[in-house]
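Peer 1: Residue numbers (our numbering), protein chains in the order written: chain A, 33 to 255; chain B, 33 to 255; chain C, 33 to 255; chain D, 33 to 255; chain E, 33 to 255; chain F, 33 to 255.
Calculated from the structure, these hints are not laboratory results. One thing to keep in mind: the hints can contain errors.
Claimed, not checked - Each computed EDC-like pair below joins lysine to aspartate or glutamate, with the alpha-carbon atoms no more than 16 Å apart:
id: 1; chain 1: D; residue 1: K56; chain 2: E; residue 2: E251
id: 2; chain 1: E; residue 1: K255; chain 2: D; residue 2: D125
id: 3; chain 1: E; residue 1: K255; chain 2: D; residue 2: E253
id: 4; chain 1: A; residue 1: K133; chain 2: D; residue 2: D125
id: 5; chain 1: F; residue 1: K99; chain 2: F; residue 2: E110
id: 6; chain 1: E; residue 1: K154; chain 2: E; residue 2: D181
Note that the coordinates shown come from a computational prediction; the quantities given were computed from them, not determined experimentally.
Protein chains: 6
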Amino acid sequence: MVLAVGAHPDDIELGCGATLALFKKRGHDIHLLVLTKGEASGNPDDREKECLLSAKTIGTENLYFGKMEDTKITDGIEAISQIESYIKKISPDIIFGHSPKDGHQDHRNAAMATLSAARNSKKVLLYESPAALRDFCPQLFVDVTSTFDLKLKALEAFGSQVSKIYFKGNHSVGAHSPAVGSARIPYVSNASEGLARFRGFQAGVELAEGFEVGKFLLEIESK
Amino acid sequence: MVLAVGAHPDDIELGCGATLALFKKRGHDIHLLVLTKGEASGNPDDREKECLLSAKTIGTENLYFGKMEDTKITDGIEAISQIESYIKKISPDIIFGHSPKDGHQDHRNAAMATLSAARNSKKVLLYESPAALRDFCPQLFVDVTSTFDLKLKALEAFGSQVSKIYFKGNHSVGAHSPAVGSARIPYVSNASEGLARFRGFQAGVELAEGFEVGKFLLEIESK
Amino acid sequence: MVLAVGAHPDDIELGCGATLALFKKRGHDIHLLVLTKGEASGNPDDREKECLLSAKTIGTENLYFGKMEDTKITDGIEAISQIESYIKKISPDIIFGHSPKDGHQDHRNAAMATLSAARNSKKVLLYESPAALRDFCPQLFVDVTSTFDLKLKALEAFGSQVSKIYFKGNHSVGAHSPAVGSARIPYVSNASEGLARFRGFQAGVELAEGFEVGKFLLEIESK
Amino acid sequence: MVLAVGAHPDDIELGCGATLALFKKRGHDIHLLVLTKGEASGNPDDREKECLLSAKTIGTENLYFGKMEDTKITDGIEAISQIESYIKKISPDIIFGHSPKDGHQDHRNAAMATLSAARNSKKVLLYESPAALRDFCPQLFVDVTSTFDLKLKALEAFGSQVSKIYFKGNHSVGAHSPAVGSARIPYVSNASEGLARFRGFQAGVELAEGFEVGKFLLEIESK
Amino acid sequence: MVLAVGAHPDDIELGCGATLALFKKRGHDIHLLVLTKGEASGNPDDREKECLLSAKTIGTENLYFGKMEDTKITDGIEAISQIESYIKKISPDIIFGHSPKDGHQDHRNAAMATLSAARNSKKVLLYESPAALRDFCPQLFVDVTSTFDLKLKALEAFGSQVSKIYFKGNHSVGAHSPAVGSARIPYVSNASEGLARFRGFQAGVELAEGFEVGKFLLEIESK
Amino acid sequence: MVLAVGAHPDDIELGCGATLALFKKRGHDIHLLVLTKGEASGNPDDREKECLLSAKTIGTENLYFGKMEDTKITDGIEAISQIESYIKKISPDIIFGHSPKDGHQDHRNAAMATLSAARNSKKVLLYESPAALRDFCPQLFVDVTSTFDLKLKALEAFGSQVSKIYFKGNHSVGAHSPAVGSARIPYVSNASEGLARFRGFQAGVELAEGFEVGKFLLEIESK
């Protein structure tokens with residue numbers, strides 16, 4: 033049972049979409065808790081629909097929305113108790129959340145609230161958003177070579193956010209043909225893919241997502 | 033397949049002895065590489081024997097000694113290539129080594145050499161020695177409640193080191209009866225046990241060993 | 033004159049109770065400022081009574097409550113000015129407060145507010161709460177071997193909090209007889225004691241409390 | 033006048049090759065000091081030739097070799113004084129060197145030696161090698177969109193190092209067609225390019241190299 | 033085009049007044065955005081007048097006030113959008129703001145808000161306020177030997193703040209004649225000057241202001 | 033009993049000369065261990081004489097020289113055992129040493145060796161040399177207003193080092209009359225004084241020396 037917590041629609045997918053898709057592929061249930069509907073950057077109904085479409089692409093319909101206000105998430109008891117209630121309900125084996133090392137105030141506060149809410153959980157991993165500060169320092173990696181396509185496809189769902197730099201990437205669309213992409217996803221960020229390659233290099237695999245370790249209680253399997 | 037690397041006899045046991053015992057208990061092969069014979073603090077032959085006795089207690093006879101000189105381990109090519117040769121031979125799934133955040137020069141250098149030698153390995157965890165600096169910051173924990181007794185028993189083997197503070201602990205022997213110990217191990221450090229309790233508290237279990245994450249490529253098991 | 037500031041009843045005792053008891057024992061006046069009545073985890077009147085009982089155990093009746101709301105302490109001017117008013121009234125030689133490296137939002141904010149309020153004070157030490165983050169890094173220690181019993185006894189006062197993990201510790205009550213404890217305090221945390229042993233080991237004494245140094249103006253006594 | 037210092041042939045190109053090419057393009061003289069001939073990973077004569085070919089590609093023949101031994105560079109007076117002598121000779125306006133946050137002992141030591149030798153220089157920037165530790169944290173960026181091709185071409189010169197992971201990249205050659213590359217450079221690392229895209233994203237440009245700031249005395253130009 | 037953002041009147045001058053004066057001297061336009069009128073430490077009308085006088089001394093009348101409340105600046109959307117609107121209007125080439133490593137809550141929050149608002153800017157430098165935490169770590173310096181007098185003169189404008197320690201400095205007025213000052217500015221801080229000398233020493237010049245680098249996209253001028 | 037350890041003649045005085053003078057003034061014995069004779073920057077006999085003259089100015093003749101080679105101090109067993117032998121002989125209550133956050137390789141290594149040698153000591157404070165890295169972060173301060181003159185006078189003894197930047201300071205001699213100095217010490221660094229003012233400001237006194245805390249076991253005096 034996997035729970036991922038994000039501040040806005042698309043944060044989870046950008047941070048750990050390929051990892052979640054891999055969990056799904058391996059038979060795990062995944063649950064997504066999005067603290068706001070992202071109403072500061074678009075129509076909340078549209079964003080909710082996009083988010084559900086994206087969730088389905090990754091492989092789940094377990095999508096929940098918190099009741100925080102976009103741009104005004106705090107690290108206080110409101111956010112904490114909302115997250116706690118989902119942890120209680122879902123009993124996740126592993127929780128994914130924002131890293132506090134992030135330039136967006138909602139992300140930082142969501143990170144702190146997630147860490148507080150998950151204080152008794154066994155595994156908490158913190159993902160790298162496009163707004164992550166440059167001292168984000170991943171120690172744990174997941175090889176997402178087999179599911180990175182799904183991440184890109186999931187990101188396609190967020191049509192309303194296309195103008196954002198992490199979607200159009202850091203080049204004029206089409207200037208370079210994306211290495212992984214296809215005609216189907218012309219606007220997908222080459223920043224996301226660049227990062228996946230670089231984290232992959234650090235991990236010794238082709239494409240990876242990197243995580244800071246909030247807490248990780250390692251279980252030792254019998255052999 | 034597990035490989036643990038330490039600077040001197042007793043470093044591995046103090047840092048991750050209970051974790052290794054748990055790996056053994058779960059059916060994994062464990063290998064110990066000790067870079068020196070600890071000749072600066074005792075007769076090297078005696079220390080070698082003690083070390084083998086300790087290894088057996090943990091559950092292995094796969095004990096190897098490097099050819100470094102006690103107190104003079106460097107982080108250079110000599111140490112690196114010795115460690116590399118064992119990595120090549122053993123192909124460990126996981127490697128345990130010193131943390132660079134350590135007050136002992138041999139530990140620091142062994143840590144850097146281990147990290148260099150293991151640069152292409154998938155999982156490298158850094159253990160907490162009694163000389164660890166106070167900014168050692170564990171992110172990953174192993175619940176060693178079921179094997180902590182074996183760690184203490186293994187430490188008993190190091191009779192020649194009894195006068196060291198981390199063996200006699202931070203109190204006069206016998207002043208307080210150790211919580212876990214017994215008549216059998218009157219001199220075992222209550223510092224080790226105190227640390228295991230504290231790390232256990234942080235991990236949400238009774239007794240734990242804590243590790244910094246050098247690198248951890250998380251595999252996602254099929255369910 | 034000593035002032036300790038905590039977010040909730042029991043924070044001060046858990047963080048620096050034995051150190052305060054030692055100050056008292058050596059003839060210093062100690063004052064406790066608790067910013068909230070901890071109403072989120074129990075009846076505030078009960079918690080106030082427990083807190084006073086605990087304070088008396090440590091050796092003082094100088095117990096004050098701030099007017100902050102439990103779970104909603106901020107690092108802003110309200111908290112700062114409440115703390116400032118007590119600093120003005122008491123003129124403490126040394127101030128103890130939370131560390132900002134803490135997983136609880138109230139603790140973090142109390143820490144920042146205390147540091148702001150104490151900006152002109154000569155000595156500010158930051159204590160280690162059970163929720164301290166793992167990068168809490170103590171540099172200054174107090175040997176509390178002679179008063180640790182009083183700390184445990186003071187913690188007994190907080191009967192309403194018994195179910196919290198840092199009270200019952202990280203094992204079933206009674207599974208191990210605590211090394212320091214007695215029949216009188218069966219439920220006291222072995223985590224607190226484990227930490228005190230470990231910090232004691234780092235400090236070279238039997239049992240210690242560790243502190244981060246906010247500021248310390250060292251006076252050099254005439255000899 | 034620009035001076036770049038590297039431990040081995042190819043370090044400078046991997047770390048700041050595109051930035052140097054840009055300096056050249058803008059009319060600055062560039063000088064390369066390579067502390068060893070990289071004899072531990074190939075024939076030193078071959079590596080010297082490759083290095084000169086690479087330097088020419090970037091746009092300079094000012095290539096110097098230090099007299100350090102591969103794998104045995106220290107941070108001591110030998111390395112420092114060799115670097116100092118070139119600083120004295122060249123009087124560079126800006127110096128590029130390794131970062132101390134690097135997993136390779138030669139890189140770490142070269143970094144410290146460069147920082148010591150350059151202690152009176154006005155601008156020292158530390159580049160990101162493929163072995164950089166994950167806490168490398170760039171603050172300063174150079175937009176290398178216009179010269180990244182030259183970097184890749186320069187890297188082609190190092191034919192003897194093709195088997196190294198940062199050359200072949202983290203995928204089987206040809207599995208994905210590189211975004212920037214061409215038939216001409218089939219083996220060039222897609223890790224380098226992934227990193228350049230990601231750093232570019234952080235800098236707000238297409239492709240960037242990122243640097244830690246050793247020291248930077250900002251001159252304010254008249255307008 | 034230069035934009036400096038500060039929490040209160042006098043923050044900008046204390047942090048980067050001499051650098052701004054140098055920009056002006058070299059022909060650049062400078063703009064000052066002060067988020068509050070500092071009403072918690074004086075009459076806001078008086079403080080506004082002082083601030084304008086100070087701005088003129090540095091060489092600009094482009095002084096704007098935000099609509100935040102003194103002591104209650106947040107890092108949220110209100111502060112961010114106020115700063116964004118000025119960035120949009122002014123299109124600065126370089127932005128100066130507070131560092132998050134600051135003991136004053138308004139400064140910390142202003143810093144985070146400035147970094148968020150400036151996320152797409154090319155150059156963001158963070159200045160050192162008198163309340164900066166001791167882990168403030170400047171990497172970039174400006175030689176302000178030629179304009180430090182102007183900084184001191186600008187600080188003279190803040191007559192209402194004379195009682196603050198960073199104005200009267202850390203000694204009784206007149207106990208030592210300030211090295212740089214004159215009869216004209218008897219009360220100006222010798223702390224500011226001490227810091228300028230020390231940062232100057234680190235930078236290799238006589239007097240300097242030091243900055244942490246938020247982001248710096250280095251342009252390479254043609255030669 | 034106070035022991036200060038430095039790498040070269042003048043390091044101790046620059047780092048903690050005024051603090052040592054204050055200890056002496058308050059009746060404490062002070063001992064100076066200088067690991068090398070500084071033969072890389074002058075005639076060792078001359079430097080030894082200067083060092084003794086300086087020691088006398090501070091108030092002691094207890095000056096010892098280690099047997100390390102200038103520019104080649106290591107952090108290994110040779111340096112450690114030399115320092116240990118003096119700790120054994122002198123039994124200092126407090127030890128002053130270099131900080132590892134220093135740009136000079138001898139200083140870094142001396143720091144690590146001092147920390148290792150002093151691992152069982154109760155108080156170890158790390159001083160700020162002119163070569164300290166910019167992330168040196170003092171937490172503990174000593175008010176040296178009353179003895180700073182002695183520090184400057186002691187530094188006068190090092191006539192052979194006058195050309196070094198930290199002696200002549202960061203301005204042409206005489207350009208500004210030093211605030212504290214006099215005709216007697218025209219060449220004394222205004223950097224040292226600038227730093228003392230700045231650290232004094234941070235400590236809330238006129239002139240201070242700042243220290244990182246290696247370890248500090250706080251004793252609580254009876255009142």
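Peer 1: Please go over all the hints and tell whether each is borne out by the structure.
Peer 2: Hints, one by one, checked against the model:
1. About 13 Å separates the Cα atoms of D/K56 and E/E251, which keeps this hinted pair within 16 Å; it holds.
2. Restraint check: the Cα-Cα separation between E/K255 and D/D125 comes to about 13 Å, which is no more than 16 Å; the hinted pair holds.
3. A C-alpha spacing of about 14 Å is found between E/K255 and D/E253, which places the hinted pair at or below 16 Å, so the restraint holds.
4. A C-alpha spacing of about 34 Å is found between A/K133 and D/D125, which places the hinted pair above 16 Å, so the restraint is violated.
5. Distance restraint check for F/K99 and F/E110: the Cα-Cα separation of roughly 9 Å lies within the 16 Å cut-off, and the hinted pair is therefore satisfied.
6. Taking the CA atoms of E/K154 and E/D181, the gap is near 29 Å; set against the 16 Å cutoff, the hint is violated.
The structure fails to meet hints 4, 6 from the earlier list, while all remaining hints are met.
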